[in-house]
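Asker: Sequence order for the protein chains is E and H.
So in my numbering, spot 64 of the first sequence is number 64, and the numbers just go up one at a time.
Count along the second sequence from 1, add 1000, and you get the number used in my numbering.
Among the hints, erroneous ones may be present.
As the list claims (entries may be wrong) - When the alpha-carbon atoms are kept at most 30 Å apart in a straight line, the in silico DSS-like pairs for lysine-lysine are as follows:
| hint | chain 1 | residue 1 | chain 2 | residue 2 |
| --- | --- | --- | --- | --- |
| 1 | H | Lys-1376 | E | Lys-194 |
| 2 | H | Lys-1194 | E | Lys-336 |
| 3 | E | Lys-281 | H | Lys-1169 |
| 4 | E | Lys-193 | H | Lys-1040 |
| 5 | H | Lys-1212 | H | Lys-1090 |
| 6 | H | Lys-1016 | H | Lys-1376 |
| 7 | E | Lys-241 | H | Lys-1281 |
| 8 | H | Lys-1281 | E | Lys-169 |
| 9 | E | Lys-170 | H | Lys-1281 |
| 10 | H | Lys-1134 | H | Lys-1040 |
| 11 | E | Lys-281 | H | Lys-1170 |
| 12 | E | Lys-281 | H | Lys-1212 |
| 13 | E | Lys-281 | H | Lys-1128 |
| 14 | H | Lys-1281 | E | Lys-212 |
| 15 | H | Lys-1281 | E | Lys-336 |
| 16 | H | Lys-1336 | H | Lys-1312 |
| 17 | H | Lys-1312 | E | Lys-281 |
| 18 | H | Lys-1376 | H | Lys-1336 |
For the record, the hints were derived by calculation from the structure and aren't laboratory data.
Number of protein chains: 2
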Amino acid sequence: MKYQQINDNNRSFIEKNPELTTPFVVIDTDEVVCNWQRLKQAFSYAQCFYSLKANPANEILLTLKAQGSYFDVASIYEIEQCIALGIPGKYLHYGNTIKKYSDIQTAFKYGVQSFIFDSQMELDKLAKAAPNAKVYARMATTGQGAAWSLSEKFGGDIDSVFNLLIAAKKQGLQPWGISFHVGSQQLLAEAWKKSIAEAAQIRARLQTEGIKLHALNIGGGFPAAYQNNTPDIEVFSQTIKAALLSHGMMDLQIILEPGRYIVASAGILQSEVILVRHNEKSIHPHWVYLDVGVYNGLTESCAIILQVITHKDDCSPMMDTVLAGPTCDSVDIIAKGHTFQLPNSLTYGDRVFMLNAGAYTTSYSTVNFNGFPPLKQYFVGQYAKYK
Amino acid sequence: MKYQQINDNNRSFIEKNPELTTPFVVIDTDEVVCNWQRLKQAFSYAQCFYSLKANPANEILLTLKAQGSYFDVASIYEIEQCIALGIPGKYLHYGNTIKKYSDIQTAFKYGVQSFIFDSQMELDKLAKAAPNAKVYARMATTGQGAAWSLSEKFGGDIDSVFNLLIAAKKQGLQPWGISFHVGSQQLLAEAWKKSIAEAAQIRARLQTEGIKLHALNIGGGFPAAYQNNTPDIEVFSQTIKAALLSHGMMDLQIILEPGRYIVASAGILQSEVILVRHNEKSIHPHWVYLDVGVYNGLTESCAIILQVITHKDDCSPMMDTVLAGPTCDSVDIIAKGHTFQLPNSLTYGDRVFMLNAGAYTTSYSTVNFNGFPPLKQYFVGQYAKYK
């Protein structure tokens, strides 16, 4: 039965709490640890910085802290959250290329030592607000192969990264490394190859200028298994290792920023059917309206389609179903353009479950669009006690 | 000077509070009242229900309550907010066609008497949870002419609305009226005409079945003056009145659900430049990164472009500028595809102001994507004391 695909900890929580108001996500912290360990084993040659943005819950940060994780942070607010949890500044990597001057100052005071940048103005701020810090220049990528490209706003070309690292040294900073990100939910292990080759070129050019790099940050993007044919993490680690070796880059400190891979599979989203309706205007007229939608957790559904299961999957004929959220807004259609195969007997009050919902759901929730509160989150597993 | 376009109350607040952390919105409650009065005067023949979703701040609800407004609510959470503010249930209209059974029950207990629906299943829930309530069947529209269409998820055709109202009577509800919504930021006054004609047809058919309608809810959608050529509200009231008269519908109670029109112009969004960067990958390579973006207030910017002004507008050459938000996400580009004319001397720390930012900004904010807090809001004007 499909429902059995939900892991034991999450299923047990759901069954013990039938009265909880939906929608909510249950996160199994044991699965978080399991994903972490598998990643660490596959990338034994790298240092891993969990990317808070995927799911910044205290419970997850403390679970990963206990595993020895470092953390990739995107804002001063994430830094303050880590500091408040007893994670020292030197374990943090300020990975956003767009930082307020005062936020750099504060981060530096907290002991944050490494910063990413991709422009002269950011460099000027860093030189002044974080003198002698370790800086990484961000290289652009195409984002090809990724469900959620991260290329458009960030990163320079080879010449620009080279020049920025030269300038960094002149301005009293430590030109520590190069960083890039191939895009989130990246399905092609090959995607890293081109950037590694480019980084090797830049490194060689810098060497002739007397600048020795120490690290290469190859970003995150490692995919969650939303689809059955998602390559295993070992495929990525091996392909990347081969590329690093062939370009003589394995002597550098290799840095990873996993997010989605660590938390997605740990989360189950539970929702309730509010309405089933024949929508005569639609090519697919069978519509099911849920209490979760793009404004309270499923912002990513335009690019990332979660598997949806119900208790009725094995006892009713399935039919093409459009899923929509609960708000008075036409944009609030889940995975617009896609239909889900769902039982034709679904009715209001029925529960539906979305698998792999631990990443980029709760944090993307709106604060109260249409009055609906942000998506709630509960924690199970042996690390759930952390708060 | 462009900066003088900011109204006195908002400008005075901004100038008296130079140290406030950006981004934030300042709402002038006097302007809210002014918009309300102008709307009421133009639509002297209608009853106005302020649509909370545009901006559900307590200060705004209490300002409008003092003006005698009714309220259009989209969720049980909005109902509970109104009740907590002393707004009685009978002043509320539950305008969402997608409601949980338990939420209908609770609303009915609070004294909410009128409900919108557009499907047989919703009718079944209403008949059971809110017996004898006044119900409105929602008619579909094309959404043509609107910046933000609301047609895809909601509303039936003429036959379906007719049949639903017949069924409503059979199931012990009061078939009170017909509702429709021509889409948000609707620039064509003509857009209402077709729906009024259709509603008249349905009404005539119902009459032959012995059902007498009492009301016509013509929705909201009245535009804010984001652009200079936006038609005045009087153009809408006159065109709509002419249509109502020509179809013999003026004897019905006419109901309006304004949102954006009431609050948009009352709000100024103040933001800070974080970074200016040459983005060689972009057709328009001059990029300015702000501390506000699509995840903390500007979700609508894909369809609704706010006017952006700065202190430097009159003293620097202007240039094509791409605006982007502060998060590590490529989606976070403001009004993607559009360039803003901004001074080439902008640098980090400079303030920028977005006009007409009082609607659909704060409530669309994410709860903490990348750690950034939801967009803050302050209130000025003589009604600002309400909380």
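Asker: Take a quick look at whether Lys-281/E and Lys-1212/H sit within 30 Å of each other, Cα to Cα.
Answerer: Judged against 30 Å, a Cα distance of about 28 Å means the pair holds.
Asker: Quick one, are Lys-1212/H and Lys-1090/H close enough, alpha carbons at most 30 Å?
Answerer: Holds, at roughly 22 Å.
Asker: Given the hinted pair Lys-1376/H and Lys-194/E, is their alpha-carbon gap at most 30 Å?
Answerer: Violated - the C-alpha atoms of Lys-194/E and Lys-1376/H are around 42 Å apart, more than 30 Å.
Asker: Straight-line Cα separation of Lys-281/E and Lys-1170/H no greater than 30 Å?
Answerer: holds, 26 Å
Asker: Against the 30 Å threshold, does the CA-CA distance of Lys-281/E and Lys-1169/H hold or violate the hint?
Answerer: OK: Lys-281/E and Lys-1169/H at ~25 Å, within 30 Å.
Asker: Given the proposed pairing of Lys-1376/H with Lys-1336/H, does the C-alpha separation stay at or below 30 Å?
Answerer: holds, 23 Å
Asker: Quickly compare the C-alpha distance for Lys-170/E and Lys-1281/H to 30 Å and report which way the hint goes.
Answerer: holds, 26 Å
Asker: Lys-1281/H and Lys-212/E were given as a pair; does the straight-line alpha-carbon distance stay at or below 30 Å?
Answerer: Cα-Cα ~28 Å, so holds.
Asker: Take the C-alpha atoms of Lys-1016/H and Lys-1376/H, compute the straight-line distance between them, and say whether it is at most 30 Å.
Answerer: Measuring from Cα to Cα gives roughly 17 Å; hence the hint holds.
Asker: Sort out whether Lys-281/E lies within 30 Å of Lys-1312/H, counting only the CA atoms.
Answerer: With Cα atoms ~49 Å apart, Lys-1312/H and Lys-281/E exceed 30 Å; violated.
Asker: Does Lys-1040/H sit within 30 Å of Lys-1134/H, going by the straight-line distance between their CA atoms?
Answerer: Cα-Cα ~24 Å, so holds.
Asker: Hint check: Lys-1194/H vs Lys-336/E, CA-CA at most 30 Å. Holds or violated?
Answerer: holds, 28 Å
This entry does not satisfy hints 1, 4 and 17, going by the numbered hints stated previously.
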